[in-house]
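Peer 1: Can you make the complete structure from the sequences, with help from the hints?
Protein sequences appear in the order of chains A and B.
Number 20 in my numbering belongs to position 20 of the first sequence; there are no gaps in the numbering.
Number 82 in my numbering belongs to position 82 of the second sequence; there are no gaps in the numbering.
What the hints contain is simulated information worked out from the structure, not anything from laboratory work.
A virtual CB, placed ideally from N, CA and C, is assigned to each residue, including glycine.
Be a bit skeptical, because a hint or two may be false.
[To be verified] Capping the alpha-carbon separation at 25 Å, the derived lysine-lysine pairs in PhoX-like fashion look like this:
id, chain 1, residue 1, chain 2, residue 2
1, A, Lys57, A, Lys70
2, B, Lys100, A, Lys57
3, B, Lys49, B, Lys100
4, A, Lys71, A, Lys57
5, A, Lys57, A, Lys83
6, B, Lys69, B, Lys100
7, B, Lys100, A, Lys70
8, A, Lys9, A, Lys83
9, A, Lys71, B, Lys100
[To be verified] Not close to chain B: a few residues of chain A, all C-beta gaps over 12 Å, as computed:
id, residue
10, Thr20
11, Pro75
12, Thr86
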Amino acid sequence: DGGITQSPKYLFRKEGQNVTLSCEQNLNHDAMYWYRQDPGQGLRLIYYSQIVNDFQKGDIAEGYSVSREKKESFPLTVTSAQKNPTAFYLCASRTESAQHFGDGTRLSIL
Amino acid sequence: AQSVTQLDSQVPVFEEAPVELRCNYSSSVSVYLFWYVQYPNQGLQLLLKYLSGSTLVESINGFEAEFNKSQTSFHLRKPSVHISDTAEYFCAVSTYNTDKLIFGTGTRLQVFP
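Peer 2: And the structure:
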């Protein structure tokens with residue numbers, strides 16, 4: 001089946017640690033996105049990539065980093081510089097007409 | 001810049017009643033409009049979209065939305081809701097020259113028996 005796979009589903013981070021969230025797609029889509037979702041705030045764009053080896057900052061990129069070494073993979077690292085990382089993180093990829101989402105990773109701080 | 005307003009954070013309704021979830025947008029250029037649905041602890045699923053052509057668009061599960069350019073609205077409607085429609089619904093906008101989606105803050109639809 002074609003789709004977007006995010007792992008893990010739940011992730012816990014200790015203070016001062018970097019953690020990496022995985023996003024893989026087998027849809028052959030060029031563009032991929034990372035969003036953060038907080039209660040009552042909708043989705044906010046962290047980073048996006050329109051092609052391999054290229055990515056751009058979104059609206060809330062501070063404290064996050066990404067890479068795009070392969071078309072199918074777009075991992076997100078939440079660094080220790082992100083002071084409020086507890087949130088639901090969603091990855092998406094885009095067809096010609098719409099973005100499609102994975103099932104998300106819920107990150108919590110221990 | 002574009003923006004999206006979902007005026008109702010929560011909409012309670014009884015099963016088999018009609019429902020309307022409101023969405024208004026702001027943009028100085030032509031837009032594409034989307035409704036997504038999110039069930040608890042899941043990602044967003046595309047419900048329907050307006051890109052061009054007929055201003056009334058429909059989903060496979062009975063929802064419909066109408067693009068109204070003069071009122072800058074894209075309200076979502078269903079004539080008779082089911083318990084299984086309980087979820088959070090997000091309206092989103094993008095433009096022809098960018099692939100960035102701008103989301104509203106969401107409306108939680110709660111259907112009661």
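Peer 1: None of the hints should be skipped; say for each whether it holds.
Peer 2: Now for the hints, and whether the structure bears them out:
1. A:Lys57 / A:Lys70: Roughly 18 Å between the alpha carbons, so the hint for A:Lys57 and A:Lys70 holds.
2. B:Lys100 / A:Lys57: Roughly 11 Å separates the two Cα atoms, so the pair holds.
3. B:Lys49 / B:Lys100: 15 Å, holds
4. A:Lys71 / A:Lys57: With Cα atoms ~18 Å apart, A:Lys71 and A:Lys57 stay inside 25 Å; holds.
5. A:Lys57 / A:Lys83: 18 Å, holds
6. B:Lys69 / B:Lys100: 20 Å, holds
7. B:Lys100 / A:Lys70: 21 Å, holds
8. A:Lys9 / A:Lys83: 21 Å, holds
9. A:Lys71 / B:Lys100: At roughly 19 Å apart (the allowed maximum being 25 Å), B:Lys100 and A:Lys71 satisfy the hint.
10. Thr20: With a cut-off of 12 Å, A:Thr20 remains clear of chain B, as the shortest Cβ separation is near 19 Å.
11. Pro75: Given a closest Cβ separation of 17 Å, the condition holds.
12. Thr86: At about 15 Å from chain B, A:Thr86 clears the 12 Å cut-off, so the statement holds.
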